[in-house]
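Chain residues, written in single-letter form:
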Amino acid sequence: MIPEELNTIPVVAALVTAQPGAVVGGKSDRGELTLEIAPERIVEVCRFLKDDQKFVRISTVTAVDWYPEEPRFDVVYHLHSPERNERLRLKCRLPGENPEIDSVTVVWRGANWYERETFDLFGIIFRNHPNLKRIMLPEDWEGHPLRKDYPVTGDRV
Amino acid sequence: MSDVETPGVTVVETEAGAQATPEVDPRPRRLVLNMGPQHPSTHGVLRLLLELDGETVMSAQPDIGYLHTGIEKEFEVKLYQQAVTLTDRIDYLAPLSNNLCYCLAVEKLLGLEIPPRAQWTRVMLTEFTRLNSHLVWLGTHAIDIGAMSVFLYCFREREEILRIFEMFSGQRMMTSYFRIGGLALEPPRGWQKRVKSFIDVFPSRVDEYEELLTNNRIWTGRTQGIGSFPLADMLDLGVTGPMLRAAGLKWDTRKAQPYSSYEKFDFEIPTRTENDVYARYLVRIEEMRQSARIIKQALEGMPEGRWTADAPHVVLPERDKMKTQMEALIYHFKIVTEGFRVPAGEVYQVIESPRGEVGYYVVSDGTAKPYRVHVRGPSFGNLQAVPRMVEGTLIADVIASIGSMDFVLGDSDR
Numbered sequence: 001m002i003p004e005e006l007n008t009i010p011v012v013a014a015l016v017t018a019q020p021g022a023v024v025g026g027k028s029d030r031g032e033l034t035l036e037i038a039p040e041r042i043v044e045v046c047r048f049l050k051d052d053q054k055f056v057r058i059s060t061v062t063a064v065d066w067y068p069e070e071p072r073f074d075v076v077y078h079l080h081s082p083e084r085n086e087r088l089r090l091k092c093r094l095p096g097e098n099p100e101i102d103s104v105t106v107v108w109r110g111a112n113w114y115e116r117e118t119f120d121l122f123g124i125i126f127r128n129h130p131n132l133k134r135i136m137l138p139e140d141w142e143g144h145p146l147r148k149d150y151p152v153t154g155d156r157v
Numbered sequence: 158m159s160d161v162e163t164p165g166v167t168v169v170e171t172e173a174g175a176q177a178t179p180e181v182d183p184r185p186r187r188l189v190l191n192m193g194p195q196h197p198s199t200h201g202v203l204r205l206l207l208e209l210d211g212e213t214v215m216s217a218q219p220d221i222g223y224l225h226t227g228i229e230k231e232f233e234v235k236l237y238q239q240a241v242t243l244t245d246r247i248d249y250l251a252p253l254s255n256n257l258c259y260c261l262a263v264e265k266l267l268g269l270e271i272p273p274r275a276q277w278t279r280v281m282l283t284e285f286t287r288l289n290s291h292l293v294w295l296g297t298h299a300i301d302i303g304a305m306s307v308f309l310y311c312f313r314e315r316e317e318i319l320r321i322f323e324m325f326s327g328q329r330m331m332t333s334y335f336r337i338g339g340l341a342l343e344p345p346r347g348w349q350k351r352v353k354s355f356i357d358v359f360p361s362r363v364d365e366y367e368e369l370l371t372n373n374r375i376w377t378g379r380t381q382g383i384g385s386f387p388l389a390d391m392l393d394l395g396v397t398g399p400m401l402r403a404a405g406l407k408w409d410t411r412k413a414q415p416y417s418s419y420e421k422f423d424f425e426i427p428t429r430t431e432n433d434v435y436a437r438y439l440v441r442i443e444e445m446r447q448s449a450r451i452i453k454q455a456l457e458g459m460p461e462g463r464w465t466a467d468a469p470h471v472v473l474p475e476r477d478k479m480k481t482q483m484e485a486l487i488y489h490f491k492i493v494t495e496g497f498r499v500p501a502g503e504v505y506q507v508i509e510s511p512r513g514e515v516g517y518y519v520v521s522d523g524t525a526k527p528y529r530v531h532v533r534g535p536s537f538g539n540l541q542a543v544p545r546m547v548e549g550t551l552i553a554d555v556i557a558s559i560g561s562m563d564f565v566l567g568d569s570d571r
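Residue numbers (my numbering), protein chains in the order written: chain R, 1 to 157; chain W, 158 to 571.
All the given hints hold, so there is nothing to weed out.
Derived contacts from chain R toward chain W, CB cut-off under 7 Å, selection only:
(1) 56
(2) 57
(3) 59
(4) 60
(5) 82
(6) 109
(7) 110
(8) 135
Read the hints as simulated data drawn from the structure, not as lab findings.
C-beta atoms are modelled at their ideal positions from N, C-alpha and C, and glycine is treated no differently.
Let the sequences and hints guide you as you build the complete structure.
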């Protein structure tokens, strides 16, 4: 659950009131606020944060692989509000088997390439993404290089 | 322009020419044009798939990834201090900005206090990086549009900046001069003289560039009213940096969330409201003047003292101490062979690079190697807006428009 002291932060208080049950955890560490969101609620949460809380920018979307732990993947969103001069990190935990999450491109069009990159390098599927194909690697590449079980070096020939 | 008769061209009318109504051609008029990846005006290896109707761009598809080198993966097998060299190679026109952002992120995880002298030197050199990057941008952007000589003027000053980098770090481009905990070396003797002689003449050099371009009719004709799209779309698509400031948003991380003692410097954030290629040019020109102001303040007020943090387990000891003191030798050995452990946690550090918002997301699991480093390059976000910017405009303006973004493909592809 959310630590008590976070409820005094305006954006957390607003989010918890408007989207009950969506925030499943959080921490404030080194001056940075992280909220853990239930994966199935991510689009509603993002829409609320953008429309109501003025987080008009998505700075980046990426992932972290905690292999072999489960749930294996963290999908990480960094939001930014120039007006409030605040940044916010959202995190969704996904299982290693068929990691899938709804795309937030319907909220910020700018998430498009970041989600494609995360799909390309981690193999996370973003549902309802308008153009989910590889962006960095060639179309016929096998595997997802930023996964921890993908080797860093190849075999010596 | 269109009603000016072109000399030397006579229009021959065929017999029926004047009266006949043009027949509708049943064939589709769409033409798909592949621009790049080897095209001089794409500044690297950007491929643009343009769908044209006559001279109008109907759709544009940027295709990136040609420079993808797996840098984010490589971070995970390097020690924290070794990884500094990777950051240079991401945005090769602004190596020190990337050094700085990575070092600040790791220092935040470590909770290190950086001495003022190192912070001020960092500010001064990152502003030199901004000048360097803007000069390359201005020179190449002008070549794209047809003004050849500006390039030579810009590279004259850039050469001097590279010499200053060489003086500090021994390298012209891949400097790796900022290290976790401070600087790699003590600032060299006599740097003040070198920087002073540069900064004394630089503002007059900016006047020279402006004289060549600002009121040049060809330049204004090619750039004014070109490449504009609404600010709301820019924010939505992830555009940052001078593009936003040319659209009227007064936002600069150096002011909004100051890092490395930028709050101690007096400078302005230039903004324009025209939101076209010309406005972006004016914003960057003014940014160069402001950077020169910051460098001047850093030169005049440079604090004395240590250039590395007081953290023997992170910062390599000085050579003479390493050779005479047992403890220093042990620290040296440990840092070089096994690195230093960084407390578990995660940090997203953002700075203002010449191109816009650079962000380093560093995740530590408590070992001596980063568990995950994600780099948010400004070029990646900016390139995403290319279709929105050029669709519906003329193909001749595509060059000017994408040039005004000032992207570096190494930065977007990583």
